[in-house]
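Undergrad: These two chains come separately, so use the hints to put the complex back together.
One-letter residues, chain by chain:
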Amino acid sequence: MAVDPLIELRDVNKHFGELHVLQDINLTVGRGEVVVVIGPSGSGKSTLCRAVNRLETIESGSILIDGKPLPAEGKGLAQLRAEVGMVFQSFNLFAHKTVLANVSLAQLKVRKRKKEEADRRSRELLERVGLASQADKFPVQLSGGQQQRVAIARALAMDPKALLFDEPTSALDPEMINEVLEVMQQLAQEGMTMVVVTHEMGFARSAANRVVFMADGRVVEDRTPEDFFTAPESDRAKDFLSKILKH
Amino acid sequence: MDVLTDNFSLYGEGFLGTVELTVYSSALALALGFVMASFRVAPVGSLRVLGTVWVTVLRNTPLTLLFFAVLLGLPRFGLVLPFQLFAVLALGCYTSAFICEVLRSGINTVPTGQGEAARSLGMTFGQTLNQVVLPQAFRSVIPPVGSTLIALAKNSAIAGAFSVTELLGTYRTLNELGYSIIWTFIWIAVGYLIITLTISALFNVMEKRWGVAR
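As given, the protein sequences belong to chains A and B, one line each in that order.
For what it's worth, this note's numbering labels the leading residue of the first sequence as 1, then goes sequentially.
For what it's worth, this note's numbering labels the leading residue of the second sequence as 1, then goes sequentially.
Here chain B stands alone, though its shape is the one from the complex (with noise of 0.2 Å):
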């Protein structure tokens, strides 16, 4: 119990600096996702093949890898950026990829008559997209992008070790500081559980609110 309450200021640094990584890289892998997921569906052929390219590479590059190119690679092409934005960037590139599967899947479950009543009416793409298939899609991807999420908020630990403030890294000093290695890492679990378990609470709130109804 010592471990929390002594060093309680080191673990809320570390605890606001996972819950951070994890909003800003969501926010940032939503939006690639919906993007990529557009794409992917398009009816120009070039976009699809970029839709593609980006899910095939993201998704099945290691995560660790991804962090090492971005906050190695970046710099050397002259672009030198907080460690944290970094950070986010290679956890929301990572995550959009899987973000714009599950999108693609929910458009998969809407029926193609749907699409074809709203191209029928004169809607262009974006319109059919936007105002018809994606609400429909929506309904059903919100439990698999609360898991991805949640996956996410887990591997912004990978964040810690290219010395961005995260919750996992704070074991480090504590270790050094001499507190029992197990009850540091229970305390570190528990802010992990707090931070999933809040998002899987969104997630049911949303489920039961626009969910599919059956």
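Just chain A, same shape as in the assembly (with noise of 0.2 Å):
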């Protein structure tokens, strides 16, 4: 098990309506470790994802970050929610806002840097994700690839301990989904501290540290995606494998 742990969930537990979407979950993510989540749908791994910035509540449980317990509602929340990044999966740029605008916004309100200084900042990760040329477009001109590639220069401005992706090249075009991929393996490599809900198998095989295997709301398998792939344990992780890697 990791020796830094900065994301912990313990026996959290959640329901929506009478479907028990997190069951029991136990999870450590180590500091500047990859763990890619997978699963079928309604797996309970959005939601878990979710959860660790508590843009879903937990029923029972705890979920710590470097230690110290998730907050409720309020300021502790919002400091620490600019800690912990988030990647969606529909990108969720700032519709009225151009893409300096976007990156830029929650250095001004959050971390209270003065405006050159977060334009100057926003357009260092614009150029690392490859998108300088677009700062001042708005995020409706943009194809998807770019926008997810802006919502994680917009993530990344915070200087997150952790970012969080959820799905983040499910609503992508096939061809854009490596120009994502290439900026995250970057961030993995760089020792960003990533939890990633994905479908792409590529992805978690070459840049993940532990696979997660979630199904019907439990951790069903946790192990190296060489492990994983080659040699799942469960039932369910075959059936699961076995459908997706057919094609």
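Derived from the structure by calculation, the hints contain no laboratory data.
Careful: at least some of the hints might be erroneous.
Unchecked claim - Some, not all, of what chain A presents toward chain B, calculated at C-beta under 8 Å:
id : residue
1  : 53
2  : 55
3  : 73
4  : 78
5  : 79
6  : 82
7  : 92
8  : 95
9  : 105
10 : 106
11 : 109
12 : 158
The beta carbon of each residue, even a glycine, is placed where N, CA and C say it ideally should be.
TA: Here it is as structure tokens:
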């Protein structure tokens, strides 16, 4: 197990009505670790990801970030969220702001940086995701892949301790998936702590330190990608892998 | 025609009275409506309850009754203000309930992901609302806010019954002076049209400038 835990979930439970979407989840993500969460639809993996920065509340159990329990509403929660970046399936760029303003907004409002400083940092990050030339455009003028890379830059602008990715490539055309995955690969190599919910098995194999397989609200397997993909233990995982790797 | 030219100053006073009522009440209604809409979407339960009660009570009370409550009720508690101010209070609070609901439906047109993205970056509820949600909601609420303010302009006529100087009330004086009731009302209607069409024009311009691009 990881030496230096950054994100810890202990006996986490949550229901959506009748559906027990998270059942006694225990998961530890170490500093600098890349954990890929995979599993069939409705297995609770997105909910798990969203619970880590409390976009979904949990009913029982505890979630610790850097040793401290996740605060309830209010300033404490806002501060914690600034430390844990999130990238969404549907990008969620602020539609009324330019690309540059999207990346700068929270730096100004949350980190209280000066405008020039924030914009300089934003341009650096846009450069890094290969979109420096798009800074003055609005989100609708960009392709999905470009929007998602802006969203990653926006999350990075807060200098987070960890990044959560909730199916970051699921809404993208196939040819745009790679440009996003490349940025994520690079982040992983640089030692960013990442929790990635995805269906990209290639990414899971190449970038993940661990693969967590979820089904029906439970963590079924939690192993290295090599072990998981070559020798899955559970029937559920074998079944899942046989279905997705057939094509 | 005589009725207007002979009594221009009387019409003018009434017209200005209605304009003043409309402008002040609109300002109050917009400010209060904004606060109440924020309450209704707040993460704090007690604020949501307050917002809901405010809307339910004011939206479902006849405006005339509200005028009675304010003009006759408040002085009983030792609060004595000029009648015009009372009228602004009654009209403003009443209309704020409608503005609140219009703003809230505007807030609901903004995809939830926008607010989630803002919160995930560590922005507080207030920052999320003011920086991300409301600027986008604003675009879609311009037309209905315009309608609500036009309704307010016309509702201000009720203040006339409580001896506040306003446009409709001028008919009583003119009637006593023996002018044709039809022409009296035609010129009053023209006065209201000037005000309401100005509001329409203003909101048309705002919609062209900031409305949702389709």
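Undergrad: All hints, please: hold or fail.
TA: Cross-check of the supplied hints:
1. 53: Where the cut-off is 8 Å and the nearest Cβ of chain B is about 6 Å from residue 53/A, the hint holds.
2. 55: holds (6 Å)
3. 73: Residue 73/A check passes; min Cβ-Cβ to chain B is 5 Å, inside 8 Å.
4. 78: This interface hint holds because 5 Å falls under the 8 Å limit.
5. 79: Because about 6 Å separates residue 79/A from the closest Cβ in chain B, which is inside the 8 Å limit, the hint holds.
6. 82: Constraint on residue 82/A satisfied, holds at 3 Å.
7. 92: holds (4 Å)
8. 95: At 6 Å from the nearest chain B Cβ, residue 95/A passes the 8 Å test, so the hint holds.
9. 105: OK, holds: residue 105/A within 8 Å of chain B, min 6 Å.
10. 106: The hint holds - residue 106/A has a Cβ within 8 Å of chain B, the shortest such distance being about 4 Å.
11. 109: Result: holds, 5 Å to nearest chain B Cβ.
12. 158: At about 6 Å, which falls below the 8 Å cut-off, the nearest Cβ of chain B leaves the hint on residue 158/A intact, so it holds.
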